[in-house]
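Undergrad: Going line by line, the protein sequences match chains A and B. Counting in this note's numbering, the first sequence runs from 10 upward without gaps. Counting in this note's numbering, the second sequence runs from 30 upward without gaps.
Source of the hints: derived by calculation from the structure; they are not laboratory data. Be aware that one or more of the hints could be misleading.
Stated by the list, open to error - Here chain A is said to cover these stretches of chain B; the calculated rule only asks that three of the stretch's residues, wherever they fall, bring their Cβ under 8 Å from a Cβ of chain A:
no. : segment
1   : 199 to 211
2   : 239 to 245
3   : 286 to 292
Unchecked claim - Label-pair ranges, simulated between beta-carbon atoms:
no. : chain 1 : residue 1 : chain 2 : residue 2 : range
4   : A       : Gly66     : B       : Lys460    : 25 to 35 Å
5   : B       : Glu112    : A       : Gly66     : 35 to 45 Å
6   : A       : Lys12     : B       : His277    : 42 to 52 Å
7   : B       : Glu112    : A       : Pro101    : 43 to 53 Å
8   : A       : Pro101    : B       : His277    : 19 to 29 Å
What the hints assert, rightly or not - To spell it out: a stretch of chain B is covered by chain A in this simulated footprint if at least three of its residues, at any positions, have a beta carbon under 8 Å from a beta carbon of chain A; those stretches are:
no. : segment
9   : 265 to 274
10  : 305 to 316
11  : 426 to 436
Here a beta-carbon is modelled for each residue, glycine too, at the ideal position from N, C-alpha and C.
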Amino acid sequence: MPKILKKEKLSDLVFRYRLEAPRIAKMRKAGQFVMVRATTEGERIPLTIAHADAAQGWIEIIFQVVGKSTKILSILHEGNDIIDLAGPLGKPTHIEKFGRCLCIGGGVGTAPLYPIVRALKEAGNDVTTIIGARTANLLMLEEDMKLTSDRLFVATDDGSRGHKGFAADIVKKLLADGEKFDFSVVIGPAIMMKFTSQVTIGAGIKTFVSLNPIMIDGTGMCGGCRVTVGSETKFACVDGPEFDASKIDWDEMIKRLGAYKKQEADSLEKHNCLLTGRPT
Amino acid sequence: MNTDVKRPQAIRMKEQDPKQRVRNFQEVPFGYSNDEALAEAKRCLQCKKPLCVEGCPVAVKIPEFIKLIVDGKHVDAARKIKETNALPAICGRVCPQETQCEAKCILGKKGAPINVGHLERFCADFEMAEGGEFVMPAMKPKNGKKVGVVGSGPAGLTVAGELVKEGFDVTIFEALHEPGGVLVYGIPEFRLPKDIVRKEINYLEKLGVHLERNFIVGKTATIDGLMNEEGFDAIFVGSGAGLPSFMHIPGENSIGVYSANEYLTRSNLMKAFKDSSDTPIIKGRNVVTVGGGNVAMDSARTALRLGAASSTIVYRRTEAEMPARSAEVHHAQQEGIVFKLLTNPVAVISDKDGFVKSLRCIRMELGEPDDSGRRRPVPVKDSEFDIDCDVVIIAIGNNPNPLIPETTPDIKVSKHGTIIANEADGRTSKKHVYAGGDIVTGAATVILAMGAGKAAARSIAEDLISRK
Chain A
10 MPKILKKEKL SDLVFRYRLE APRIAKMRKA GQFVMVRATT EGERIPLTIA
60 HADAAQGWIE IIFQVVGKST KILSILHEGN DIIDLAGPLG KPTHIEKFGR
110 CLCIGGGVGT APLYPIVRAL KEAGNDVTTI IGARTANLLM LEEDMKLTSD
160 RLFVATDDGS RGHKGFAADI VKKLLADGEK FDFSVVIGPA IMMKFTSQVT
210 IGAGIKTFVS LNPIMIDGTG MCGGCRVTVG SETKFACVDG PEFDASKIDW
260 DEMIKRLGAY KKQEADSLEK HNCLLTGRPT
Chain B
30 MNTDVKRPQA IRMKEQDPKQ RVRNFQEVPF GYSNDEALAE AKRCLQCKKP
80 LCVEGCPVAV KIPEFIKLIV DGKHVDAARK IKETNALPAI CGRVCPQETQ
130 CEAKCILGKK GAPINVGHLE RFCADFEMAE GGEFVMPAMK PKNGKKVGVV
180 GSGPAGLTVA GELVKEGFDV TIFEALHEPG GVLVYGIPEF RLPKDIVRKE
230 INYLEKLGVH LERNFIVGKT ATIDGLMNEE GFDAIFVGSG AGLPSFMHIP
280 GENSIGVYSA NEYLTRSNLM KAFKDSSDTP IIKGRNVVTV GGGNVAMDSA
330 RTALRLGAAS STIVYRRTEA EMPARSAEVH HAQQEGIVFK LLTNPVAVIS
380 DKDGFVKSLR CIRMELGEPD DSGRRRPVPV KDSEFDIDCD VVIIAIGNNP
430 NPLIPETTPD IKVSKHGTII ANEADGRTSK KHVYAGGDIV TGAATVILAM
480 GAGKAAARSI AEDLISRK
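Here chain B stands alone, though its shape is the one from the complex:
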């Protein structure tokens, strides 16, 4: 038997040239052409027991949608994904497939796994562009039950999409003026075009989901108010990890020090990158971002696109410990972001008017492993040095938003301020109130939030319909 079968090469997605793309906000990867998608889809072994599906938090029917691409039925492929995932165009772009479905792919054992994310994006985009008229998917008849969803980020959108198909009357409450949560205020245009997010949300509205903007649950109305006075039978809380962490170092309140949330919100949600926007942003010449996650990469890359001459990432551990996706780190490196690793800020130095002049840092080395299993960075004595800069972005994580716990006294929260909910079903300590996403886990990924949303939607349906 010939074991030396030459398998076709994985198809890489073409990208904007790094030199060009750092001067615009357009998406970095171009997406597959029909031929590229077909070639990639044909590599799929169509496993009888697909491990990739196990790797997906929302169990997308991966081999089935890939088979539909092979058959040239791209629109059907997108609809196949939508049976379990309402937001394929978003997930195809921002999911960490390399640690989920693609990590489990058999092909990955000897070569490159199937580019599941690229294919998902391909058919979702194809459906948006060429899908023709909106086709209502299979929907259960209205069951007369009202569900409120707090927050229109990935967790909330998933719950809404699932429950509306189950026959529930679903209303999403969004605090900001535009729905999408982190998908619109956090993730930049060049990684996730806002037009795509709008179209996915538009799809949910066509399914019958109501959307209330400028509605801050806990302030505009409380959860108890919605349930006792406005007839909501259940509430799902997906309010996210909205509160930015700071380092609490001297000078941190100097002008030009931003939380990543603020910097990205000014640029993404408020469109400060456009001349026509009234929201200002300090377009730094030399920008330093502190942190090693995806949000730090997004911030540093946004700074370049806003015209920075230099954009530097300061991270206290090494590249191996960076929580960012490797693809994001790679993109950042390609674009010329300078990585100062094993480096930690100790003070922000400002001028007499309070504007940032430089960031004082200290070198670090790795010591014994800490609670996270990663080696703990410890400062090297007398190794301080200054990096000249006019903008500093703090991207070291977010804390849960306290608005809901503060105004819902009978919901249990952890000492970190996250809402305590069962991972498997999203149930909280309060009857008929469910929670999922970053408000439960602390800052994590889009797809984990969606997975939590799916689980919560199942229990809501179970609690309100099956058990009554």
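Excised from the complex, chain A in its bound form:
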């Protein structure tokens, strides 16, 4: 079973795990994800591969605690095994020399953006990166992004670090200053991707997003991750996870993310009660 080689807490709710996974490390490309299951009764959850080293045989995943499954994952220790880890899944990001690239990460979406920034840079692009979060201690990978990108901008909703406001504000400013970009990638919460990509698409920039819908197997078997892209139904797991942002039916996508909100809240509540011994 894959071992947790290193555990880091990036912020109150965000963790980075380095996992022993020589095969996945060897095969993975930027933009791909793995399916992770932390307990025998647990869900299978998709997490993007944030970094990997083929020679040393490890991959890194970064996740934010949002529900019971990520909570359980977060309480594992270095040296523990992850009972199930499968991948690499999904189509890799299409990387080429586009010219000037604008990479925008929101919240935990900064993690899957990181390998794409690296790959774009390695392909000889000029990369401007913007990362945003609700507040300073939810920002992640600032140092790594700074080292990899040609320029880095930071935004927080509350202004506790960088620009006070959204990443999209910075995009608007750059565009207003007359900057031109040939390609853009936006990864973050669905609502952030919807509004940020509207800005870049409005400026005529070809924009891709990486979707993270609900999945079970991640191999095309269940169709739970279906999204409407250009009036066609696509499976994010095998056709994606990256799609042309201008073609996505965002409203449907956002609704589908809420399919199990109630069950998830109940499940987390029950789990917290087990942890604290508090009666339900």
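Could you slot chain B onto chain A? The hints should help.
TA: For chain B alone, kept in the frame of chain A given last:
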């Protein structure tokens, strides 16, 4: 001569009462008692030229195992079956015997054929429960050849079971965290208990078959990688028909519309029916399943067991054209599933948050026969009506999984995406790569996949050993 010999009646298998069983996930038929099995086995005429064996895709030695039951040697009977079929407890439950061995039985000409499936299940279960310690069957010495098997469904398990006995070093690669393929994610507990599947797979592991879980061939490693870098001499692809079809009607991506694969996987593999499972499922109050195959029956019956007040099957043709086994249709009817036949969905209606409210359908009538020889259903003008529901399950079939063809450029595929392989020997266009089961035929049955697995195993042995 007296031609009026009164033959003993066929022994029916006792079942859980429909009213009770729709509230639990336990198996529906109870299985034969010793006395029942003996009485049924004694009806067998022990034909010198047994037609039943011809009817079986894996040629189980049917009269021989039935004779062993008559002699009270139930464990030997199970082992007799295992000489040609590694998964008797599974086949005894899910094979369509009525169109195979039992259809050929001489007794069937004048009365009821032998219940071969019931007897197969009986001795397989008997061996599991009372067989005592594991006994290694006759195995050929190790021949040093390595074979990789993609997928642990019925085709892959059969290939593995056959080749390990022939002395091959066999590794099965399974994409999911639990082996069994459709046997564990698709077929529900009440029709095939997962404990039975685990025990059959456990048997293969005892024979020496290696099992790699969470290994997606095409992604975790490619076929070329396995053959060129990891020393596999041959690969068998049994990756199944994993990709669900949708109807492409408006509203199909509403919340509460599931593919049968997703609905059944949530319930079966991820155990969403248990409180302790973290995988959620929408437990619909009024559930509509679209389709007329076994998977549609499984879905509609699962919905009842998850607590639905009503479970309806919508099918565009009539009962006569339904591809499901008649026994499954009968079970579904007994349990109170409502059949809306000659009916086809045209749209899913949802509320403002995107949750399913109803399914809009149109009535159909049968026209001229189509390519399948069945009369083509055509819509009746202005006959739309709505069925109120909160869950819709689409069970209209599956497409082949594209992962292997996409990552194995020199393997030939049909325009439907199935891998092209000879039916008789499983050979594909790529040297030392074989394929069988749903990835070749499109969605079919467990036993046909096993038959294909057997044929492929023979050619693998032939190509790697006899010819070198």
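Undergrad: Compare the structure with each hint and give your call.
TA: These are the hints, each one checked on the structure:
Only residues whose C-beta sits within less than 8 Å of a C-beta in chain A count toward coverage, and the segment 199 to 211 of chain B has 3 of them, enough to reach three; the restraint holds. Coverage of a stretch by a chain is defined here by at least three residues with a beta carbon nearer than 8 Å to that chain's beta carbons; for the segment 239 to 245 of chain B and chain A the count is 4, and the condition holds. Note: the segment 286 to 292 of chain B has 4 residues with beta-carbon separation from chain A under 8 Å; the three-residue rule is met and the coverage holds. Hint check: A:Gly66 to B:Lys460, Cβ distance near 31 Å, so the stated range 25 to 35 Å holds.
For the pair B:Glu112 and A:Gly66, the beta carbons lie near 43 Å from each other, so the given range of 35 to 45 Å is met. For the pair A:Lys12 and B:His277, the beta carbons lie near 44 Å from each other, so the given range of 42 to 52 Å is met. Distance hint for B:Glu112 and A:Pro101: a CB-CB separation of about 47 Å, consistent with the stated range 43 to 53 Å. For A:Pro101 and B:His277, the hinted distance range of 19 to 29 Å is satisfied, since their beta carbons lie about 28 Å from each other.
Residue count for the segment 265 to 274 of chain B with a Cβ under 8 Å from a Cβ of chain A: 3. That meets the three needed, and the coverage hint holds. Check on the segment 305 to 316 of chain B: 6 of its residues sit with their Cβ under 8 Å from a Cβ of chain A, so the three-residue criterion for coverage holds. Counting residues of the segment 426 to 436 of chain B whose beta carbon lies closer than 8 Å to any beta carbon of chain A gives 3, which reaches the threshold of three, so the coverage claim holds.
The structure is consistent with each of the numbered hints, conforming to all of them.
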